[in-house]
Every structure is written in C-alpha cells, then in structure tokens.
Amino acid sequence: MLLHLLNKSPEHAALQRCAGFIRHGDCLVLLEDGVYCATSNAGAALRELIKRGIPLYAVSADVEARGLSARLGPDIKLINYEELVALSIQYTKSKRWG
Amino acid sequence: MRKLLFIQSHAPHGTLFGQEGLDAILAGSAFADCAVLFLGDGVYQLLKGQATQSLASRNYSVSYQALFDYGVDAIFCSAADLLTRGLTLEDLIVAPTPLNPKELEAILHDYDVILDF
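Protein sequence lines correspond, in order, to chains U and S.
Each residue of the first sequence is one higher than the last, beginning at 1 in the working numbering.
Each residue of the second sequence is one higher than the last, beginning at 1 in the working numbering.
Okay, chain U solo, but in the shape it has when bound:
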C-alpha cells in the first residue's frame, strides 16, 4: 500500500510516468502544482486511474490558491493538511513524483 505524492502540472508528464506504478490498494495525492492534474481537462492518465478505482486526493489549500475550486472533476476528494498527515500514517510507505 503506497501513498503516491505528485507535485507537477500535466505539462511535466509526471502523472503519465507515475500512473503505471500505481497498484490496486494505493492512493494518489495531488499537491502544489500537481493539483492542475485534477482539473476536468487533465486527460487520459487521470481518467484511467478513476476507472481503476484508485482513491484520488487534492490538497485544498493548493486548489484554492490556484483558483481551481470550480474546475475539479467529481472523483477528486479535497483534503486539508491534517488529512494528508493521516493518509501518510495510514499508508506505511510513500513515493514522491515530480
């Protein structure tokens, strides 16, 4: 059970790179510029993860700062920093992409 952390926008293709390493039971947290990957326009890699039922989270402070609140797909759950800490405890290992 791996917690994947992604902090780069779709321009950097980091999501495509990490998507292949995400297994059933893992989750993906989008933070900093990674939250741009959660916009409904973000593309195939994200849609594939949604289809596979991978839990997807985005840090709300980063979403709000970038003016993206109304642009996120419905399958992204917004979390605060406390919830991010809770996830990092729940998932014993984490991997940062970007």
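Hints listed in this document are in silico derivations from the structure and should not be mistaken for laboratory results.
From the three backbone atoms N, C-alpha and C, an ideal C-beta is built for every residue, glycine too.
Keep in mind that a hint or two might mislead.
[Claimed, not checked] Residues on chain S that point at chain U, a partial pick, calculated with CB under 10 angstroms:
#, residue
1, H13
2, L16
3, Q19
4, S29
5, Y44
6, G49
7, Q50
8, T52
9, S61
10, Q65
11, A80
12, T84
13, R85
14, G86
Let chain U serve as the given structure and place chain S on it in line with the hints.
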C-alpha cells in the same frame, strides 16, 4: 526605445517565477517599452479566483490588473496553451491577445530582448 518581452511560463504559487516576473515587468515599464507573453502553464498566472489565504503566499494575481496603469498594454498568450488547459479569455483576470504559432514566432523575433520567467 528598446523593446522588452517578458515571458511567463510557470504556474503561480508552486515557484516564485510568476511573482518575480510580474515585479520585473512593472519595474521595467519605467525604463522601456514592455510586453508580456503567457506561455504554457504561464497562462494559469491569469486565472481568476485565486485565493491564497491557506498558503503562506501572497495573491499577486490581482496586480496583473495594474499592467495597463503601468503602460504595459501589449499582453499576449498562446491560444493553443489556453485551449489545452480548458480556459477561455473570460476565465482570466486580464484578457491577453491570443496568438497562433506563426504569430508567436514573429513576436519572439520582433522584440530586442527576451526575459524568461
């Protein structure tokens, strides 16, 4: 007068490029004929509704409205980069002139100096 082209190509808040770029444009406008071009993720600099209260970062995006007051009225963006991000001119704090690849190539060559942020 020398013509300066400032290029914003990073999304806001993840790095300091946007803030530094905007400061440089406003300062540069006192000395030279300045234009600004938003390329790639740089178009996100202009997205309306940025609210940075939860981050320890200033919402400098509102200051883009001051560009006109500083005499910077040549504001451009890549039309394709807007489109791929699902954005329209109505989503932006100030409306840049969208350029096609041919026009982008032309302005990169027209200006005397390019400053990348």
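Now for the hints, and whether the structure bears them out:
no.: 1; hint: H13; in the structure: holds, 5 angstroms
no.: 2; hint: L16; in the structure: violated, 13 angstroms
no.: 3; hint: Q19; in the structure: violated, 12 angstroms
no.: 4; hint: S29; in the structure: violated, 25 angstroms
no.: 5; hint: Y44; in the structure: holds, 7 angstroms
no.: 6; hint: G49; in the structure: holds, 4 angstroms
no.: 7; hint: Q50; in the structure: holds, 4 angstroms
no.: 8; hint: T52; in the structure: holds, 4 angstroms
no.: 9; hint: S61; in the structure: holds, 8 angstroms
no.: 10; hint: Q65; in the structure: violated, 15 angstroms
no.: 11; hint: A80; in the structure: violated, 13 angstroms
no.: 12; hint: T84; in the structure: holds, 8 angstroms
no.: 13; hint: R85; in the structure: holds, 6 angstroms
no.: 14; hint: G86; in the structure: holds, 3 angstroms
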